[in-house]
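Work out the full structure, taking the sequences as your base and the hints as a guide.
Sequence lines, in order, name chains A and B. Here the numbering used here is used: position 208 in the first sequence is 208, and no number is missing along the way. Here the numbering used here is used: position 192 in the second sequence is 192, and no number is missing along the way.
No lab work stands behind these hints: they were computed from the structure. All residues carry an ideal CB built from backbone N, CA and C; glycine is no exception. Incorrect hints may appear among the rest.
[Unchecked claim] Computed spacing ranges between beta-carbons, pair by pair:
id, chain 1, residue 1, chain 2, residue 2, range
1, A, Ala-130, B, Asp-88, 39 to 49 Å
2, A, Trp-75, B, Gln-22, 34 to 44 Å
3, A, Lys-65, B, Thr-196, 43 to 53 Å
4, A, Thr-26, B, Leu-200, 28 to 38 Å
5, B, Phe-6, A, Met-210, 20 to 30 Å
6, A, Gln-67, B, Glu-8, 44 to 54 Å
7, A, Asp-189, B, Ser-89, 51 to 61 Å
8, A, Pro-38, B, Leu-91, 17 to 27 Å
9, A, Lys-236, B, Leu-91, 16 to 26 Å
10, A, Glu-200, B, Ser-89, 22 to 32 Å
11, B, Asp-88, A, Ser-156, 16 to 26 Å
12, A, Glu-99, B, Phe-6, 40 to 50 Å
13, B, Glu-8, A, Ser-84, 17 to 27 Å
14, A, Ser-193, B, Tyr-154, 49 to 59 Å
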Amino acid sequence: MKSRMLTLCCSLSLGLLVHGNAMAGTPLKIGLAAEPYPPFSTKNSSGQWSGFEVDVLNQLCREMKTQCQITEVAWDGLIPSLQSKKIDVIFNSMSITPERQKVISFSKPYYYTDSMFVGRKGSKLDPSPAGMRGKTLGVQSSTVNANYAMKRYAQSASIKYYNTQDELNADMAAGRIDAMLLDALAASDFLASKDGSALESKGLATRDPMFGPGVGAGLRKQDTALKQQFDAAIDKLIKSGNYDVIQKKYFKISILPK
Amino acid sequence: MDFSWFSEYHPQLWLAALTTVQLLLVSGSAGFVLAILVGFGRLSKQPFIAWFSLSYTNLIRGTPLLVQIYVLYYGLGSLFQDMPTLRDSILWPYLREGFWYVALALTLSVGGYLGEVLKSGLRAVPKGGLEAARALGMPRLLVIRRIWLPQTLYMLLPTLAGESVMLLKSTALASTVAVMDALGVANLIRNQTFLTYEPLLIIAGLYLLLAIAIEQLFKRLESRLPFRNAL
Numbered sequence: 001m002k003s004r005m006l007t008l009c010c011s012l013s014l015g016l017l018v019h020g021n022a023m024a025g026t027p028l029k030i031g032l033a034a035e036p037y038p039p040f041s042t043k044n045s046s047g048q049w050s051g052f053e054v055d056v057l058n059q060l061c062r063e064m065k066t067q068c069q070i071t072e073v074a075w076d077g078l079i080p081s082l083q084s085k086k087i088d089v090i091f092n093s094m095s096i097t098p099e100r101q102k103v104i105s106f107s108k109p110y111y112y113t114d115s116m117f118v119g120r121k122g123s124k125l126d127p128s129p130a131g132m133r134g135k136t137l138g139v140q141s142s143t144v145n146a147n148y149a150m151k152r153y154a155q156s157a158s159i160k161y162y163n164t165q166d167e168l169n170a171d172m173a174a175g176r177i178d179a180m181l182l183d184a185l186a187a188s189d190f191l192a193s194k195d196g197s198a199l200e201s202k203g204l205a206t207r208d209p210m211f212g213p214g215v216g217a218g219l220r221k222q223d224t225a226l227k228q229q230f231d232a233a234i235d236k237l238i239k240s241g242n243y244d245v246i247q248k249k250y251f252k253i254s255i256l257p258k
Numbered sequence: 001m002d003f004s005w006f007s008e009y010h011p012q013l014w015l016a017a018l019t020t021v022q023l024l025l026v027s028g029s030a031g032f033v034l035a036i037l038v039g040f041g042r043l044s045k046q047p048f049i050a051w052f053s054l055s056y057t058n059l060i061r062g063t064p065l066l067v068q069i070y071v072l073y074y075g076l077g078s079l080f081q082d083m084p085t086l087r088d089s090i091l092w093p094y095l096r097e098g099f100w101y102v103a104l105a106l107t108l109s110v111g112g113y114l115g116e117v118l119k120s121g122l123r124a125v126p127k128g129g130l131e132a133a134r135a136l137g138m139p140r141l142l143v144i145r146r147i148w149l150p151q152t153l154y155m156l157l158p159t160l161a162g163e164s165v166m167l168l169k170s171t172a173l174a175s176t177v178a179v180m181d182a183l184g185v186a187n188l189i190r191n192q193t194f195l196t197y198e199p200l201l202i203i204a205g206l207y208l209l210l211a212i213a214i215e216q217l218f219k220r221l222e223s224r225l226p227f228r229n230a231l
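This is the structure:
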């Protein structure tokens, strides 16, 4: 009887400890990869992190009424650090993929970048699979765009695979391909540059499960309460309009997940 | 070892192997013709032709093939960027394809390397036979066609076999300008399946088979030549 009481006491106090850790008391440790990833997370000369993701993170923490403390970890060490409890949250442009979901859980997505079709200015180009019949579509291999092109366009268009986005951009500018499919943020940067001046957007790719749901906060599978807090805070941030304010600061196009 | 991707990718693999063979045949035959011109050019008594041929071989042999391919493909590509009329012309379907740039670069390369080999071969043919032919009143071109060139090529067959295998392996550079040759498709499979060894092993085997086929072909030629009326 006595020993059973002791066990109960122990487990209760342990439970309290774990509970307390996730709440206001100790700060939540947020894992960021040590390298800059502009414009999402960059470190300025005084050692302060800034960028779109950091702004969103600060808002979310305010919403959840938790203190957040940024902890720098190597990119490939993020998931191991989360599992060994060195950090509590990964908030670093980590796309939600089925492979990662086998080991960690994710909050709902807080940003999503579309894929954009780019073609020559003034050319009549319909980027649907039927409209691309007989045309050449360029993609960078080993990206979601390559998977998408292969599955949806291999029947009608001829697809060219490039090792780097730079080579793809060069061939697009030279007119060797009729269109390319790439990350919309990278595309808007390229279109604004001198090399991309003769090109224009031909529309965004339709959202497809193949592109994944977007980028979410990585969490331990057992921290279900924390996941709910994050989900609620992300919802609130988007509804309040503060999300729009932040993203307008950094991007010309919307990266709001749908 | 995981070869489950093979069923999905094997049509592309065969097409890619065909592209490699096409590159080999196109640049091999065009390069061979160029090499004969360069070989004779190197022996020419005209100072300008001799100097030009020498400069050509020096240029081709002195720069990496990969650089030559990049200069042709990206260099010309950036020029074409400012020529919209060209883009609407009937030539554009050829000019946009990486295949023809690689084929041109390989042709120039074969012309340079093989031209130098042919020069030595042409020089090594005994003078007596050539003089006898001249003495019989054979026109110069006929001497070249009936006597000089056949003897040279017969002598050089083992070298030609080696150069052809070298050319086969050089075609793998085509994948760097987004041509779907054998290596290009292996890279694609690697990127899509995250498997490294399996696709590379398959195409290594493919190159090996092609190389053996080339060697066999030249061996057969060697055992059948010289014909009575070569060329």
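These are the hints, each one checked on the structure:
1. Hint check: Ala-130(A) to Asp-88(B), Cβ distance near 24 Å, so the stated range 39 to 49 Å is violated.
2. Distance hint check: the CB atoms of Trp-75(A) and Gln-22(B) are about 42 Å apart, consistent with the given range 34 to 44 Å.
3. Between Lys-65(A) and Thr-196(B) the C-beta distance comes to about 48 Å, which sits within the given range of 43 to 53 Å.
4. Distance hint for Thr-26(A) and Leu-200(B): a CB-CB separation of about 50 Å, inconsistent with the stated range 28 to 38 Å.
5. A hinted range of 20 to 30 Å for the beta carbons of Phe-6(B) and Met-210(A) is consistent with their spacing of about 22 Å.
6. Between Gln-67(A) and Glu-8(B) the beta carbons are some 50 Å apart, a value that agrees with the proposed interval 44 to 54 Å.
7. Range check, Asp-189(A) to Ser-89(B): about 32 Å between beta-carbon atoms, so the 51 to 61 Å window is missed.
8. Take Pro-38(A) and Leu-91(B): their Cβ atoms lie about 42 Å apart, and the range 17 to 27 Å is violated.
9. Distance hint check for Lys-236(A) and Leu-91(B): the Cβ-Cβ separation is about 60 Å, which falls outside the suggested range of 16 to 26 Å.
10. Between Glu-200(A) and Ser-89(B) the C-beta distance comes to about 23 Å, which sits within the given range of 22 to 32 Å.
11. Checking the proposed 16 to 26 Å range against Asp-88(B) and Ser-156(A) shows it holds: the Cβ atoms sit about 23 Å from each other.
12. A C-beta distance of roughly 23 Å is found between Glu-99(A) and Phe-6(B), which places it outside the suggested range of 40 to 50 Å.
13. At about 38 Å, the CB distance of Glu-8(B) to Ser-84(A) disagrees with the hint of 17 to 27 Å.
14. At about 58 Å, the beta-carbon gap between Ser-193(A) and Tyr-154(B) stays in the expected band of 49 to 59 Å.
When each numbered hint is compared with the structure, violations occur for hints 1, 4, 7, 8, 9, 12 and 13.
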